[in-house]
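Asks: Input sequences plus hints: build the corresponding full structure.
Those protein sequence lines, which keep their order, are chains A and B.
Residues in the first sequence are numbered consecutively from 1, following this note's numbering.
Residues in the second sequence are numbered consecutively from 1, following this note's numbering.
You may find that some hints are simply not true.
[Claimed, not checked] Restricting the straight-line Cα-Cα distance to at most 25 Å, the calculated cross-link-like pairs of lysine-lysine (PhoX-like) are:
(1) B:LYS129 with A:LYS239
(2) B:LYS66 with B:LYS89
(3) B:LYS241 with B:LYS255
(4) A:LYS239 with B:LYS89
(5) A:LYS235 with B:LYS255
(6) A:LYS127 with B:LYS66
(7) B:LYS66 with B:LYS17
(8) A:LYS235 with B:LYS66
(9) A:LYS239 with B:LYS93
(10) A:LYS235 with B:LYS17
(11) B:LYS129 with A:LYS243
(12) B:LYS255 with A:LYS127
(13) A:LYS235 with B:LYS241
Hints are computed from structural coordinates only; laboratory data are not their basis.
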Amino acid sequence: MGLGQILAKRVGYGLVLLIAVLILNFTLITVAPGDVADSIAGDMGGADATVMAEIRERYGLDKPFLLQLWAYVSKVAFLDLGYSYFYNTPVTTLILEKLPATLLLVFSSQILAITVGTLLGVMAARKPNGFVSMCVTFLSLFGFAAPVFWSGILLIIAFVSIFPIFPVGGMSSAIMEGGFFARAVDIAYHLFLPMVTLASIYLALYSRLTRASMLEVLGSDYVRTARAKGLAENKVFYKHALKNSLGPLVTVAGLQFSAVMSGAVVVEAVFNWPGLGTLALQSILARDTPTIMGILFFSSFVVIIVNIVTDIVLRLIDPRIRSS
Amino acid sequence: MTAGPLLSVTDLVVDFKTRAGNARVLDHISLDVKEGEILGIVGESGCGKSMTALSIMGLVPNPPGKITSGSIKLGDQELVDMDIEALRKIRGKEIGMIFQEPMTSLNPVFTVGEQIAESVRLHENVGAKAAHARAVEMLKAVEIPEPEARAHAYPHQLSGGMRQRVMIAMALSCRPRVLIADEPTTALDTTVQAQIFDLLQNLQDETGTAIVLITHDMGAIAELADTVAVMYAGKIVEKGKVDRVLSHPDHPYTKGLIACVPHLSANPAAISERLMEIPGVVPALTDLGTGCAFAPRCSEVITKCRTDSPRLFETQPEHKAACWVAQKEMT
Ligand SMILES: Nc1ncnc2c1ncn2[C@@H]1O[C@H](COP(=O)(O)OP(=O)(O)O)[C@@H](O)[C@H]1O
Ligand SMILES: [Mg+2]
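Replies: So this is what it looks like as structure tokens:
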């Protein structure tokens, strides 16, 4: 099968999955007790039954469930995720505004975790009883055990309170002048702590994983062949062994991506990062149903895309998958 | 052509630390390979053939293994305790090696062309294009059909026999002076085995590369090798010119090995009732006694065999055996 065919198949599956997610989201939100009308009535300090009925009619909440579902799904097909009465903005606009911040946080932390994790893993595998190896073991214990909000707060205490190096939160300084470059530097400066916080868990996971799969690969016959050719140890490790160890890493990183997205919600809350997580939190508190569903939809969309990309990367790394 | 041997192993001792104690995996091994010659090393599984090869390449897994003493000389260069950088220039360049397992000895994520070209670029100052051209040329030399196309194949797309040809092509790509082939056909079908042996023979005729051919197949030794060393439990028990050793084996173990191959046996009638094999098993290297390691399995054993370990001694010019019985018959 060619790459194009595989891609078409994956995208097809992805669409089906996305529709399933939509239906499930809608059903869950509808069966959950309380609706927009309750919430608006709450904000108004209580309302009588006629007002409630009026609100419900306005939002189409009085229609039969299936009809509501159909209306929702067909609107989403045209990327119309409804209207947030809470923000007085179309949900799509709202999400597209916040999505870049979240993607920046999620991808930068994953790139950090994957590169540093791989490097540490390889170094640890080179000397399985050495210092780096011990650090990796310790780091993974810490990374697995420490909740992400706790390590975030710890970092704030260390690098904001005790050593005031980094800003306490937000994504950019309040008054910002200067060109694109100055803005980019400012954002990177704000990004650092949340990125490290979110990366820390996965750094632990990836370094441990790389160490284990490297140790396995290093015992293979083809590694001995590489040495018998006269290759330097660096080449043996970083070319012959590493490329074979990347499969498990890429697989796990792809599978973990949805967990990273949920981790981002917590990190955004801790660092007041203006992304989807913060938006989600606010809209949940406000019972802003269209926004919540929109965020769920977009998150699923991103996760599905990442899974497709993972699949392609795996194929590029391992020719055996490609031809099977 | 120099008169002395090209590759010379002298009194090589390799020890492995194991849970059961120290295992003397190689015990005072001495071997010579002359230019353009094929030396066969033969013996049962576990007798130290691969370890001899790995010692020459400087690839004894350490820990747990270690070259305790002895010398390995390529020309006049000493390889034991050689600086790793210098040794890397010899591996693949001066000494090429083919391993027993063609299925797993090639890296699955690189094309075979890339893997051969990598060797070439490592040791010769050539560009990517020239290295690839050499890879194709080598694939052609090992008689792989459609070498240009096959260069872009991944190992899993080739059969075992093809992969072993690729290994041979890779090992010979830098025109080494010595080729070590560690049981190059053990994992292959019988028909493919014959093809690979033919190929090695032809390449040797063309290039004059000295070959160390490791096998447990006495038949292959008879066909290909010039000299042979028979190993048992980490020791060489007999060595000499192939014709001489096969026609007049002095060590009972060698006699047993020859008897296992029907068409080599001097007395086919004696073994016709069953394909002969030597009874018993190789002893554990951690608890070898003071006597001859083969004594418990030997049909000609005498008292002395159980107490003293025999040393190699010359039974004929250029023919040595380590056996008390053979020695007694001489004197
Ligand atoms: N990693 C190891 N640890 C301990 N002993 C080993 C190790 N590798 C090989 N040996 C021992 O070394 C001996 C020689 O092995 P090897 O050279 O592979 O035998 P052959 O190639 O003749 O079959 C065997 O008895 C084996 O048990
Ligand atoms: Mg072996």
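Asks: Each of the hints needs a verdict: does it hold here or not?
Replies: Hint check:
Pair hint B:LYS129 plus A:LYS239 holds up; C-alpha atoms about 20 Å apart against a cutoff of 25 Å. As the CA atoms of B:LYS66 and B:LYS89 are separated by approximately 21 Å, the hinted pair is consistent with the 25 Å bound. For the hint linking B:LYS241 to B:LYS255, the alpha-carbon distance of about 15 Å falls within 25 Å, and the restraint holds. Between A:LYS239 and B:LYS89 the alpha-carbon distance is near 19 Å, which keeps this suggested pair within the 25 Å criterion.
Distance check on the hinted pair: A:LYS235 and B:LYS255 sit about 46 Å apart at the alpha-carbon level, beyond 25 Å; violated. A hinted pair counts as satisfied when its Cα atoms are at most 25 Å apart, and A:LYS127 with B:LYS66 qualifies at roughly 18 Å. With a C-alpha separation of about 9 Å, the suggested pairing of B:LYS66 with B:LYS17 holds against the 25 Å cut-off. Using a Cα cut-off of 25 Å, the hinted pair A:LYS235 and B:LYS66 holds, with the two alpha carbons roughly 24 Å apart.
Between A:LYS239 and B:LYS93 the alpha-carbon distance is near 20 Å, which keeps this suggested pair within the 25 Å criterion. Taking the CA atoms of A:LYS235 and B:LYS17, the gap is about 29 Å. The hint is violated against a cut of 25 Å. Distance hint between B:LYS129 and A:LYS243 is fulfilled; the C-alpha atoms sit about 23 Å from each other, no more than 25 Å. For the hint pairing B:LYS255 with A:LYS127, the CA-to-CA distance comes to about 47 Å; that exceeds 25 Å, so the pair is violated.
For the proposed pair A:LYS235 and B:LYS241, the alpha carbon gap of about 41 Å is over 25 Å, so the pair is violated.
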